[in-house]
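Trainee: Each chain, letter by letter, is given below.
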Amino acid sequence: MSEAVIHSEHDDHHDHKPTGIGRWLFSTNHKDIGTMYLVFSLIMFFIGGAMAMIIRLELFQPGLQFVDPLFFNSMTTVHALVMIFGAVMPAGVGLANWLIPMMIGAPDMALPRMNNMSFWILPFAFTLLLSTLFMPGGAPNGGWTMYPPLTLQLGTAFPFLIFAVHFLGISSIMGAINIIATVFNMRAPGMTFMKLPLFVWTWIITAFLLIASLPVLAGAVTMLLTDKFFGTSFFDAAGGGDPVMFQHIFWFFGHPEVYILILPAFGIVSQIIPTFARKPLFGYDSMVYATASIAFLSFFVWAHHMFTVGMPLAGELFFMYATMSIAVPTGVKIFNWVATMWKGSMTFETPMLFSIAFVILFSIGGFSGLMLAITPVDFQYHDTYFVVAHFHYVLVTGAVFALFAGVYFWIPKWTGHMYDEKLGQIHFWISVISVNVLFFPQHFLGLAGMPRRIPDYSLQFAEFNMVSSIGGFVFGLSQLLFVYIVIKCIRGGTRASDQVWEGAHGLEWTLPSPPPFHSFTTPPKVTDATAHS
Amino acid sequence: MVDSNKDQDNGKNKHEVAARNRWLAIVLGLIAVGIYVIFIMTHVK
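As they're listed, the protein sequences go chains R and E. Its first residue numbered 1, the first sequence is counted upward by one per residue in the working numbering. Its first residue numbered 1, the second sequence is counted upward by one per residue in the working numbering.
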């Protein structure tokens with residue numbers, strides 16, 4: 001491997017920051033906006049997490065214990081909306097804001113004012129959504145998928161839900177446009193596309209997925225709105241509409257959405273594993289093509305979410321094989337991460353621990369996904385806890401673990417202080433054990449036939465539910481330790497060097513820790529070699 | 001934000017870069033709005 005020779009000029013001699021509340025309200029600085037996204041996401045993690053705790057508390061024992069069934073249904077619905085749109089997506093955008101300009105040698109995002117707007121729409125949208133908890137009739141309770149006719153029966157909460165989803169879509173599309181414009185137009189000289197860090201690549205592809213899929217969701221919920229208030233019958237069978245059509249449209253958005261959540265996680269892990277294996281990423285080109293292939297294929301698999309609605313055999317076979325084909329590029333990525341570690345000089349700091357856990361546990365979620373892809377098998381598993389176990393392995397031990405890894409990896413760069421490694425490792429081990437206690441038994445519950453989205457269940461499911469709830473409480477509480485570690489790191493600690501990690505390569509590690517408020521005002525020259533290796 | 005009049009070291013004028021950013025944003029935004037409108041219109045009977 002040839003060494004990357006990077007010349008950069010740091011513009012830290014006049015590092016003027018705005019002060020007061022105006023710094024945050026009117027910010028056009030990618031680092032400040034990135035911080036706001038990350039803080040917002042953490043708050044939403046705890047709001048969504050509190051809802052998960054209510055769900056696990058109610059399911060701790062059979063019988064109705066603590067909450068009204070309608071409220072329970074609101075919890076499952078709003079937990080999903082908050083975690084997907086409020087926690088995981090904004091966390092990914094926060095990391096993108098912080099890191100993409102620094103990784104490509106740009107002074108800021110391409111459209112800084114739009115960046116500000118796309119963030120500030122989020123608190124507004126979630127105020128709309130969460131205010132429904134206090135309305136007569138309660139918060140949305142028809143599932144995050146908003147299927148008609150059930151969702152059309154919602155009361156006051158309905159228009160709030162629809163407008164919140166519209167605003168979240170607008171925010172994400174503006175963020176995606178910004179990322180594409182930044183990477184296409186603002187790269188430093190010498191930073192060609194095939195030299196981009198994998199995190200940047202995964203975000204470009206995610207941004208295109210957002211632009212292509214979110215307008216479809218917006219269209220679907222607009223049609224719901226007109227069905228409810230303006231007398232149309234898009235999804236009303238009595239008026240000539242088709243409720244199953246909504247499911248097709250929703251999942252045409254919904255499956256790419258899964259990759260919107262997980263592709264940035266792939267990018268994070270692809271930065272971390274080479275650093276702690278002290279080897280270049282194995283198969284960089286194949287990683288880029290695999291990511292693009294996953295994104296492309298994600299538009300042709302949507303009906304695997306709805307095999308049980310009844311569809312022609314040819315349709316079932318097409319969607320089954322198309323879904324299974326996604327395992328090929330995903331397998332390429334898994335093998336490449338393993339090959340990167342192979343014979344590497346590995347050390348196991350907290351980011352690496354979370355990344356290795358990601359590779360193993362995400363693979364479990366991937367395999368249960370393959371099981372669900374088999375049409376006749378899905379007839380048995382559909383709407384059971386097996387599905388709940390599957391997507392939580394993908395999104396919690398997958399996306400969320402990668403986000404933890406990313407925060408531990410880059411927080412010394414952001415704050416200029418090392419986090420407490422011992423506490424980080426304690427956080428990892430409690431999380432990795434408790435999350436498996438939480439979600440693994442849910443596979444057994446699903447295989448035994450326990451349906452999802454119910455507040456009560458038959459006695460034979462009692463033991464595994466109790467075990468799952470105990471795991472849930474421990475996992476939830478252990479995240480307070482994460483907050484403590486982050487706050488402690490922000491407030492002080494051992495000074496972090498510029499490179500931070502011995503094996504770290506890339507433009508962001510050439511900047512001081514913490515980086516100046518305005519970095520790369522004069523673009524660095526990336527000469528020879530690659531920035532990612 | 002940095003001084004928009006300052007020439008970048010890579011030979012690109014900042015005004016040109018900003019103009020390209022705006023055009024790309026407009027095109028991508030129109031694509032998103034286009035998908036939204038076309039998707040609804042194809043479902044109107």
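Just so you know, the hints here were simulated from the structure itself, not pulled from any lab data. Certain hints may be false.
List of simulated lysine-lysine pairs, BS3-like, C-alpha gap at most 27 Å [said to hold, decoys possible]:
(1) K17(R) to K45(E)
(2) K45(E) to K525(R)
(3) K228(R) to K279(R)
Calculated from the model, a selection of chain R residues having no Cβ within reach of chain E, i.e. all distances over 12 Å [to be verified]:
(4) G22
(5) L152
(6) A176
(7) N185
(8) L214
(9) M223
(10) G240
(11) D242
(12) F252
(13) F253
(14) P280
(15) F335
(16) V432
(17) K488
(18) R495
Ideal Cβ positions, reconstructed from N, Cα and C, are used throughout, including at glycine.
Trainee: Over 12 Å from every CB of chain E: does M223(R) meet that, or does the non-interface label fail?
Mentor: violated, 6 Å
Trainee: When you look at the beta carbon of D242(R), is every beta carbon of chain E farther off than 12 Å?
Mentor: Check fails; 9 Å does not lie beyond 12 Å.
Trainee: Within a Cα-Cα threshold of 27 Å, do K228(R) and K279(R) meet the stated pairing?
Mentor: violated, 57 Å
Trainee: Quick one: work out the minimum CB distance from L214(R) to chain E and report holds if it exceeds 12 Å, violated otherwise.
Mentor: Given that some Cβ of chain E is not farther than 12 Å from that of L214(R), nearest at about 7 Å, it is violated.
Trainee: Any Cβ of chain E at or closer than 12 Å to V432(R), or is the non-interface label fine?
Mentor: At about 39 Å from chain E, V432(R) clears the 12 Å cut-off, so the statement holds.
Trainee: Is the nearest Cβ of chain E still more than 12 Å from the Cβ of F252(R)?
Mentor: violated, 9 Å
Trainee: Does the no-contact call for G22(R) survive, Cβ to all of chain E over 12 Å?
Mentor: Correct as stated: the minimum Cβ-Cβ distance to chain E is 15 Å, above 12 Å.
Trainee: Could you let me know if the closest chain E CB is still more than 12 Å away from the CB of P280(R)?
Mentor: holds, 26 Å
Trainee: Confirm or reject: A176(R) is not an interface residue toward chain E, with every Cβ-Cβ distance exceeding 12 Å.
Mentor: violated, 8 Å
Trainee: Does the claim that R495(R) lies off the interface hold, with its Cβ farther than 12 Å from every Cβ of chain E?
Mentor: The claim stands: R495(R) keeps its Cβ more than 12 Å from every Cβ of chain E (closest is about 27 Å).
Trainee: Measuring Cβ to Cβ, find out whether G240(R) lies farther than 12 Å from everything in chain E.
Mentor: Violated: least Cβ distance 7 Å, not greater than 12 Å.
Trainee: Taking 12 Å as the cut and beta carbons as the points, is F253(R) off the interface with chain E?
Mentor: violated, 10 Å
Going down the numbered hints, you'll see the structure goes against 1, 2, 3, 6, 7, 8, 9, 10, 11, 12 and 13, while the others check out.
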